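Engineer: Could you put together the complete structure from these sequences and hints?
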Amino acid sequence: MIEILLVLGLPLAGSVLLAAWGSRAWAAEANSSISFLTLLAALALTARVISLGPLLALHDLFFVDPFNVFLVALTAFVGFTTSVFSRVYMRVEQDRGRLSAARLRLYHSMYQMFMFTMLLALLTNNVGILWVAMEAATLATVLLVSLYRSAASIEAAWKYFILCGVGIAQALFGTILLYLAAEKVLGAGGTALLWTHLQAVRDQLEPTVLSIAFVFLLVGYGTKVGLVPLHNWLPDAHAEGPTPISAVLSGLLLNVALYAVVRNKMLVDGALGTHLAGNLMMGFGLLSVTVAALFLSRQQDVKRLFAYSSIEHMGIITFAFGMGGAVASFAGLLHMTAHSLTKSAIFFAVGHAAQKTGTQVIDRIRGLIHTSPAVGWGLMIGGIAILGVPPFGVFASEFLILTTAMRSQPWATPILLAGLGVAFAAIFGKLQAMVLGETTAQRLPHPPALFPVFVHLGLVLLLGLYIPPYLAQWYKAAARMIG
Amino acid sequence: MSLGFVASQLFQTLLSVFLAPLMLGWVNQCRAWLQNRSGPGLLQPYSVLRKLFLKDAVLAHNASWLFRLTPYVVFGCMVLAVSIVPVLATDLPFSPAADVIALVGLFALARVFMALAAMDVGTAFGSLGARREMLVASLAEPALLMVFFTPALISQSTALTTIVETLAHKQLTLYPSLAFAAAAFVMLLLAENARVPVDNPATHLELTMIHEAMILEYSARHLALMEWAQALKLMTYTAIGIALFVPWGIAEAGYWAGLPLAIVALLAKLLAAGAALAVLEMVSAKMRIFRVPEFLGMAFLFAVLGMLTRILLGSAG
Amino acid sequence: MLAVAAYPALLGEPQTLVLPLGLPDLPFHLRLDPLSAFFLLLLGGASAGVSLYSTGYFATAGVADLRLICLQYHAFLASMAVVLLADDAYLFMVAWETMALASYFLVTTDHGVAEIRRAGFLYLVVAHVGAIAILLTFGTLQLGQWNYTFDAMRGNTLSPLWASVAFLLALFGFGCKAGFLPLHVWLPEAHPAAPSPVSGLMSGVMLKTAVYGLLRVTFDLLHQQVWWWGVAALALGLMTALFGVMFAAVQTDMKRLLAYSSIENLGIILAGAGLAILFHAYGMNVLSALALAATLYHCLNHALFKSLLFLATGSVMHATRHRSLGKLGGLIRHMPWVAALALVGTLAIAGLPPLNGFASEWMLFQAFLLTPGLPNSYLNMLVPVAAAALALAVALAGYVMVKFYGVVFLGLPREELSEAHDAGGWQRIGLLWLALWCVALGLLPVFVVDAMDPITRGLVSGSLTESMQESSWLFLTAIAPARASYAPMLFLLGILLTVLVTFLLVRRFYHGRVRRSAPWDCGFPGLNARMQDSAEGFGQPIKQIFEPFFKIERQQPSPFDARPVYSSSIEDRVWYWLYLPIVKAVERLSSLAGVLQQGRIHLYLIYSFATLLVLLLLIQ
Amino acid sequence: MSNQLINLMAALLLLIAFAMLSQRRILRLIYLFAAQGFVLSMNTVIVALATKQPHLYASALITFGLKVIALPWLLHRLIDRLNVRWDVETLINIPTTMLVGILLVILSFNLALPISQLAGTITRGTLGIAMASVLLSLLMMITRRKAVPQVIGFLSLENGLFFAATSATYGMPMVVELGIALDVLVGTFIFGIFFFQIRETFDSLDIHHLEKLKDRG
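Chains as they are written, first to last, in our numbering: chain A, 1 to 483; chain B, 1 to 317; chain C, 1 to 620; chain D, 1 to 217.
If you are wondering where the hints come from, they were derived from the structure by calculation, not from laboratory data.
Please read all numbers here as calculations on a predicted model, not as lab measurements.
It cannot be assumed that every hint is accurate.
Covered stretches of chain D (in silico footprint by chain A; criterion: 3 or more residues with CB under 8 Å from a CB of chain A, positions within the stretch not fixed) [to be verified]:
1. 35-46
2. 130-138
3. 191-198
4. 203-213
In silico BS3-like cross-links for lysine-lysine, where the CA-CA straight-line distance does not exceed 25 Å [unchecked claim]:
5. D:146 / D:212
6. D:146 / D:214
7. D:214 / C:584
8. C:543 / B:286
9. C:543 / C:327
10. D:146 / A:184
11. C:543 / C:584
Selected chain C positions facing chain A (in silico; Cβ < 8 Å) [as the list claims (entries may be wrong)]:
12. 90
13. 112
14. 125
15. 138
16. 139
17. 385
18. 589
19. 611
20. 615
Ideal placement from N, C-alpha and C gives every residue a C-beta, glycine not left out.
Structural biologist: Given below as structure tokens:
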């Protein structure tokens, strides 16, 4: 209860605070500290949920169960590490004159606002509020994407805004249809949108309405997840925004959007009693994996490259949840975690690499391992981890997903095999060229913040080799819920 | 293993070693007759060997230990081979040491050493000979294996002793499959022993020689050993052919009374084989090196036909 | 570095033991059964030599970061060991990929060179695709939820269709690592790129882990085989072997030559495995045991002599700074130790008695000779003919190795190589260790086959020891002593004896006068080193005879050219038939996909709109 | 009675949606948008009267304040300040657009048919119209070349959604409605900021300039 308030209140307060003083010299540290406190609160919340079980609070307005609490902890953690990274990164950007003080204030304030919306979306029990929070997250980040005010960044932000706006509007329509169905069972009023209530009566909901609702919700939230062919905002926004924002977009926003899809899928599954929702998700997942893999080989911008890789991974996770079943859902959750950690670590390393070489163009980033072995190795290991090479966590989940698919959806495995193969060749070829060989990089005025990179990679390594028992229990409980 | 066995082994080995140059002399003599020449005489190879042993050895400046070691190894291999093959008698102490496949390996060992030694000095001829020899051998080996398949199918064994016992010491049966195999074997014998039409032992013309090119740098006792080994090789091949296709007369193990008969039979067969060889060499012309694959392909074909005949006709084949 | 030397001792004894490390949900299962023990022995034996050698090699080779190399080297060794010990799919995959990764970093040690980076890239991509296929194999084999242990898979009976899917996936997946025919492309690139000890380990040991995996899946986990698997493996193996040896014959780089020779040997091994499958599918267990034993024996042998030869090339490269055959020659005089030990390896790999390469090939030929007994009329006519392909491959291997040894160590130096020096002490010990094993395994095949008995009993429930016991330890026999036997010890004794006797006789009766002079020049004075056969020249007959298999690019000058330049290069047709079309197809597809991203927001909205409409229509 | 009124409102809404689709003048577009908002708030009041749900009055008030007064005013000011009173340019010509629009209406009616039969509310026929107006707004966004009409299309999309919410379900819970309203408001502000940014950077509000980021493979 108090933890929930803290988890939500801290970033909100931080946002207000930094809106006022975000351009001061200590703003970056304040940003990190607030994120750290949020993380502590989130951990406390997690501990509480682990010991006491699912939790309903504030007139059922907030709800914490194994599924979202792990995402809350993950979000708070990545939020914290990203703020640590952005301290150095933004300072370098400021020194190079790419940012004014006012923009920095906007950045810090919106960063906290973004965290708030993410956590709100995760914690709320109300499907409507979930939608509101998702929309607010778009609004908070759209200005961050155009932070540099360059032509490209404005264009990216505009596309991001319009596409996600339209997408989220479709999701709203889906939510309305859901409400329409729920109201008949639960009666009009606030309770009809509460997820816990909906879940309880999900088999009484009208199937026709829910199937149409799910289409809208899937297309709507799917836009934010970055499913092909709704993904077009994603590479632009990742490439043109500041790198810390790319990290949180990839690491958090996509997850939360997928969380929304999965929550709704649980309702739809219950109502329909068929595998329709799962089939749709598998279809989108496979399409995303394939198309993203094909795009990967064409990329010339390093951040775009990893943005497409995010699309690919979101495709895999969507596929896993679409397949359903305890193992696949477990794997989906694990993959979410591992992907968030790894991808944000990669963006940290990429950010520093881009600053060192003064470019995001892959062909001009060469031989990182010579000038700064730490950045080079960070990028290399991160890249290897994201490509699903053991012993990293991404592999663990891909292992489970592929083996399960071989059994339950064998037709999909050749597509996955080809997609993963092409993606591997595409990313690794570029990665190798950037990390090894002759160098083009220079020294930075500030020592790079690599602590987050290696913390993340360490955790991902841990996930690949040893999933702590409570975490495994937790995943399993969530996977059981998702079904 | 009694002393008698060892004695018979020793006897066969020594007899073969000393008979080998004679066989070579016989072939040359036959050739001379066929060419309407008088010929150098049957014992000429012996005097050549003697002459060579008496000469001073001349070595190239950069010849290494490998070069000097090779003649001994090659000679040793051939002696070993001739001890294993049932020239006179089956089931000698050495005969289970190798079956036909291992014999092929033994010849390969000698050949590889020879080829390496040829390359050691670093002249154009040496390496030319080495690569041609290795090429011919590589192409001959699959066919040789196919040839061995047929008798092995008949006797359920690749051990020469068993083959001879099956073919010679049981009731007389004619195997059509063996005819194919024998034809193939003769062709391979020509190729492996550097005879016309694959190679010409009498030539020293740069562009056509194979075997002679390899031993061009050898002189004196090294050359003598090489020549002797070559004669032994021809002898061993002939003996293998005899054991596989016309094994009648070879003595059974420990059956001393059969030995004189075996010697006579052997001499007769060697004489016939040498004459046949000479005739074959006379009627064919040396072929271009790149025709050799076709020649060996033909041998391979015969061998496969033999095997298929055997499988098709079953026990009658 | 020295720690690795103790490695084989630690893992020496084959024993069965289950070590479930207590992890929840995905515990790591380790198990040491005869098959893994055998391969561990192989790993230990070969890596001990390689490690001894690298102690000396890396110390003098001037490697930038020794610590890093050591880390990667040991990670590589450890992961190979875990691959062999793993008893569940997850641990196996983890170790498998760690192995690939560690070896990738070792391959790219010298990553400043673009070609090496390219080689490493190709290697890792193929390895990864293969790994996914292996993963899918396990996916097919698994019993159900969370049950990824091999134990569970053993108990699982699959329908023939699924079993075949699993086998084909395994063949593809492990084939990527082992370099079976169309998947071999990385091998001749990656092996030359790596430092020599690493090439030795990769070629000698790592490729064998793929064989291990294939055997494990086919015989252990799938316990029931379908006959055509064997035919497929046999055909693929023989094609690979022939392909490998032909390309080896025309190489001009000594490490590439060895790499292609590895392809050949792996092909032979696969053919042996195919034969074992074939026999076992028809219930001929003893024959299957013979083929399997030959296969395993050849694995062991190849591990030893191929590492030996790679290490020797390492010394040569280190001493001369050249690796192109066109620049070497006559090293037997500068590097007597390396030359002598390499000779052992050369003779062994050429399949000559009494060394180890021959023993395993002999057993394999014996197995082939037994194929007319197969109860299928097509097979009993075709498979024996296939033996000819094997014979051709083996014979050509002799050709290749004569070329290798002759051009590198014999003749005259083709460039100035006078500063070449022999290998140091550690390197000699490493080489010696491997060479000794080559000899020992060649001379005592019966012990090896005896040691393999638990494996053949376990996997194909056939045993060879019964027939062996009838004859003494000297004689290696096939099924029955009357059938065929081979006694390498007698061979060696016989040859040594006659050599000795002849030598003594010659010494005793004739004078030992030796005169040195220039080689005979056929009356054409001025012989020089450039007149020797070059590597290209030596391979020329093969190139001519098997021309259709190669893609040859020739450049010939016009008759009026004042400075004529001739060049010809040989390329792999597989590139043009398989890989480039794939790359092109992917490129075309991706440029098609690129059309999706036109930058126009209207289009993006249309996508979203169309998706919505299509889905709405779909669910109706 | 109220039933018929609501249906009338729905018909009006659809009519306005078509009008917007065919409209070439940007100022008229804003007026039409305001009219749509007005219809929407009237509709909410009618539903509130019919069902006696007090929170719908508040909702109607918010709608009126936001969509009839605040947003049109904001937009008006924006185009004044940006001085962009040009004609609307379309990508596809207007008759074709109308044709596609009619097809969309048919589709959405058909889709809504099963739902409408199930809905227990008095206003069940309107869901199809709501869906149609959502799709028509989307179509408008797709066919317009300039930034401002695109945003108006976006806002009218929200109107369609809102209509669906009120007429088909008697409005969402209050918390949600407030949240949505806040989002729309903030969104419009951000759109405004963007207009300035875009104009500052490209000297025009033509989205044509925003097509640089594409696949460069």
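Engineer: Hints first: check each against the structure and report whether it holds.
Structural biologist: We went through each hint and held it up to the structure:
Only residues whose beta carbon comes within less than 8 Å of a beta carbon in chain A count, and the segment 35-46 of chain D has 0; fewer than three means the coverage is violated. Evaluation of the coverage hint for the segment 130-138 of chain D: fulfilled, as 3 residues show C-beta separations to chain A shorter than 8 Å, against a requirement of three. Here the segment 191-198 of chain D counts 5 residues with a CB under 8 Å from a CB of chain A, which clears the bar of 3, and the coverage holds. Here the segment 203-213 of chain D counts 6 residues with a CB under 8 Å from a CB of chain A, which clears the bar of 3, and the coverage holds.
Using a Cα cut-off of 25 Å, the hinted pair residue 146 of chain D and residue 212 of chain D holds, with the two alpha carbons roughly 16 Å apart. Of the supplied pair hints, the one linking residue 146 of chain D and residue 214 of chain D holds, its CA atoms being roughly 19 Å apart against a limit of 25 Å. Distance restraint check for residue 214 of chain D and residue 584 of chain C: the Cα-Cα separation of roughly 22 Å lies within the 25 Å cut-off, and the hinted pair is therefore satisfied. Only pairs whose Cα atoms come within 25 Å are accepted, and residue 543 of chain C paired with residue 286 of chain B is accepted, the gap being roughly 23 Å.
This hinted pair checks out: residue 543 of chain C and residue 327 of chain C have alpha carbons roughly 21 Å apart, not beyond 25 Å. With a C-alpha separation of about 42 Å, the suggested pair residue 146 of chain D and residue 184 of chain A falls outside the 25 Å cut-off, and the hint is violated. For a cut-off of 25 Å, the pair hint linking residue 543 of chain C to residue 584 of chain C is broken: about 29 Å separates their Cα positions. This hint holds: residue 90 of chain C has a C-beta 6 Å from the nearest C-beta of chain A, less than the 8 Å allowed.
Satisfaction of the interface hint for residue 112 of chain C is found here, the shortest Cβ-Cβ separation to chain A being roughly 6 Å, below the 8 Å cut-off. Look at residue 125 of chain C: its Cβ gets to within about 5 Å of chain A, closer than 8 Å, so that hint holds up. Below 8 Å, beta-carbon pairs count as interface contacts, and residue 138 of chain C has one with chain A at about 6 Å; its hint therefore holds. At its closest, the beta carbon of residue 139 of chain C sits 3 Å from a beta carbon of chain A; the interface hint therefore holds under the 8 Å criterion.
Contact between residue 385 of chain C and chain A, as hinted, is not supported at the beta carbon level, the nearest pair being about 35 Å apart and thus beyond 8 Å. Among the interface hints, the one on residue 589 of chain C holds; its C-beta lies about 5 Å from the nearest C-beta in chain A, closer than the 8 Å criterion. The restraint placing residue 611 of chain C at the interface with chain A holds, with a minimum CB-CB distance near 6 Å, inside the 8 Å limit. Taken as an interface hint, residue 615 of chain C checks out: its beta carbon lies about 4 Å from the nearest beta carbon of chain A, inside 8 Å.
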